[in-house]
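In this text, residue positions in the sequence shown follow this note's numbering: the first is 1, and each later residue adds one.
Heads up, a few of these hints could be off.
DSSO-like, lysine-lysine: derived pairs with alpha carbons at most 27 Å apart [claimed, not checked]:
(1) Lys-85 / Lys-144
(2) Lys-24 / Lys-162
(3) Lys-263 / Lys-30
(4) Lys-88 / Lys-533
(5) Lys-559 / Lys-109
FYI, nobody ran anything at the bench for these hints, they're computed from the structure.
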Amino acid sequence: MKKKDEQIQFEQDLVSDVKNDFAKRQAERKNYERQWQLNMNFVMGNQYCVLNDFNELENYGKQYFWQEREIYNHIATIIENRIAKLCKIRPTLNVAPSSGSEKDIGTAKISRKILNTLEHNLRLSEKIAQATNWSEICGTSFYKIVWNSEIGSIVGLDYDGKCIRDGEVDISVCSPFEIYPDNNMADGIDSLESIIHAKPYKVSQIERIWNVRVEPEDIDVLTLNNQSLAGGLGYTASVSKVISEKAKDSAIVIERYEAPSSKYPNGRVVIVAGNKLLGVQELPYKNKTDGERGFPFVRQCSIAQVGNFWGNSIVERLIPIQRSYNAIKNRKHEFLNRIALGILTVEDGSVDVDNLEDEGLSPGKVLVYRQGSTPPTIMQTNQMPSAFEKEEENLLSEFVQVSGINDANLTSTISSANISGVALEIMVEQENERLSATADQVKYAVVEIGKQILRLYKQFASQKRLGKIEDNNGHIELFYWNSSDISSDDVVLDTTNEIGETLVQKRNMIFELLKAGLLQDENGKLDSAMKKKTLEMIGFGTWQDVNDLTELHNKRAGKENLDFLKGQTDDVLEIDDHKVHINSHTAFLLSQDILNSENGKQIAQNIMEHIEKHKKFLSGGEANE
Numbered sequence: 001m002k003k004k005d006e007q008i009q010f011e012q013d014l015v016s017d018v019k020n021d022f023a024k025r026q027a028e029r030k031n032y033e034r035q036w037q038l039n040m041n042f043v044m045g046n047q048y049c050v051l052n053d054f055n056e057l058e059n060y061g062k063q064y065f066w067q068e069r070e071i072y073n074h075i076a077t078i079i080e081n082r083i084a085k086l087c088k089i090r091p092t093l094n095v096a097p098s099s100g101s102e103k104d105i106g107t108a109k110i111s112r113k114i115l116n117t118l119e120h121n122l123r124l125s126e127k128i129a130q131a132t133n134w135s136e137i138c139g140t141s142f143y144k145i146v147w148n149s150e151i152g153s154i155v156g157l158d159y160d161g162k163c164i165r166d167g168e169v170d171i172s173v174c175s176p177f178e179i180y181p182d183n184n185m186a187d188g189i190d191s192l193e194s195i196i197h198a199k200p201y202k203v204s205q206i207e208r209i210w211n212v213r214v215e216p217e218d219i220d221v222l223t224l225n226n227q228s229l230a231g232g233l234g235y236t237a238s239v240s241k242v243i244s245e246k247a248k249d250s251a252i253v254i255e256r257y258e259a260p261s262s263k264y265p266n267g268r269v270v271i272v273a274g275n276k277l278l279g280v281q282e283l284p285y286k287n288k289t290d291g292e293r294g295f296p297f298v299r300q301c302s303i304a305q306v307g308n309f310w311g312n313s314i315v316e317r318l319i320p321i322q323r324s325y326n327a328i329k330n331r332k333h334e335f336l337n338r339i340a341l342g343i344l345t346v347e348d349g350s351v352d353v354d355n356l357e358d359e360g361l362s363p364g365k366v367l368v369y370r371q372g373s374t375p376p377t378i379m380q381t382n383q384m385p386s387a388f389e390k391e392e393e394n395l396l397s398e399f400v401q402v403s404g405i406n407d408a409n410l411t412s413t414i415s416s417a418n419i420s421g422v423a424l425e426i427m428v429e430q431e432n433e434r435l436s437a438t439a440d441q442v443k444y445a446v447v448e449i450g451k452q453i454l455r456l457y458k459q460f461a462s463q464k465r466l467g468k469i470e471d472n473n474g475h476i477e478l479f480y481w482n483s484s485d486i487s488s489d490d491v492v493l494d495t496t497n498e499i500g501e502t503l504v505q506k507r508n509m510i511f512e513l514l515k516a517g518l519l520q521d522e523n524g525k526l527d528s529a530m531k532k533k534t535l536e537m538i539g540f541g542t543w544q545d546v547n548d549l550t551e552l553h554n555k556r557a558g559k560e561n562l563d564f565l566k567g568q569t570d571d572v573l574e575i576d577d578h579k580v581h582i583n584s585h586t587a588f589l590l591s592q593d594i595l596n597s598e599n600g601k602q603i604a605q606n607i608m609e610h611i612e613k614h615k616k617f618l619s620g621g622e623a624n625e
């Protein structure tokens, strides 16, 4: 009984500690959160809002009924252009072998195939685009990489008849509103002592996942709402705004991840919802270098800030320009309203002023004024001051200078002036250079995701699995693998600057390489493999696949190499491409792992005898006599 009471007290103290820690981090992060909400509102079109003295978001209305309050949203266009360019990045993840041995090179190829398979299964490109949306607007986004034992292939049934699955890596995108670091000035996730992931769940969902019933609580969640905040003289317009609402039948699940320490060598995860402890355990994933345990999160920034955990967004720099641009455009329309409608001057008591205010000066109107008084006249209005036009052009130029987006629709300089093709190309290069820093942040995040994926499979994928990979030409390749096939997690990128590279530019570059003779062999000819690769690069890979026998022979030779390790020796066929087989078997034989393995000398002898049979075929003799 005493132990039970101590356990209950321990859980209560732990829950209280986590909730107090969470409340403290909420208060510390409030300033960042309000800025993110302001950014989201400006992108959505709600641009008549400010942060007041209490750091709360509030909207302000018209000062006069005739005031123009339209919104000319250039921020949304700039963000859409940036996201469109960044979404061109499709990093191809590769794995560098841990050594030059044939075995390590082979396992590195398996690791690369695993990553390519996961890229399709996990819809990695879609998640990168989703995270890029968050990071471009708020400055920071996060990926959460975990092992989900409830997905994957069915391997059996338990005693209750429920399916047992082999599990798969599961990647989800977390908005910055869900992440609470212990230090907002940290350089990155690895510099943190602990990190909290807080997310609202339905109470029924909490009970299903953790088998604990919790009471619903008031949770502030962000949602969209339409409100009449814009408009002008005689009309109103509604815009979407980001507001905070209370979620129903929900509770917030707080996951606090603690880094390994002397007290907890493998770290600790504490999960709390309401006033209940859902779980406490050591960090479950060996997702860091040398099998160390760490946080299952990857950070992606738009613009990294020195000495700050949170990235910066280009929206923050554009908000003052956008406010000024809305003001100058609206003042111009107010001026035009005065010219179009006119300002009527009347002598006091000479006309029915109420009638004029209600009906105005309609065409054909009979205007009655007092005899002997001065007739009503339209006040003379000056022409539009040139300062308005000049300021509008200056603001458009500032949009370009601050954002780095040289959009022809955004500035009149490109469309109105005679600019040479060289000048336009320089402008595009400058724009790409401005985006390259953000593009690098995306690539760094993807590389870290690839490393954590391989480390999780090395930890959990003990059974043989069937992998399937589809190339750009629609061909399917099947392969078996398990955790022992992953010997390296040194993920690298096989990619260039895709932001400024179009398909036409890529084709022209390949044609220039062909003209220069850099792709031909010593005889000045394209071999079969290079011809296939060239056609793939220019987008016509399927033409060469019809007669691509070299790749098939390479695969057969690779299968024979694996059979040698099993003590089996395949017959040499007359249809074999003997040069391809000899090269493949020789490279396999030169691997240092052959002689160091069990029965290595016998395996080497079998390979050399097999190579001799291929050489006999080349010389015209019978190999299998």
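Going through the hints against the structure:
1. Lys-85 / Lys-144: holds, 24 Å
2. Lys-24 / Lys-162: Cα-Cα ~42 Å, so violated.
3. Lys-263 / Lys-30: This hinted pair is violated, its Cα atoms lying about 31 Å apart.
4. Lys-88 / Lys-533: holds, 21 Å
5. Lys-559 / Lys-109: holds, 15 Å
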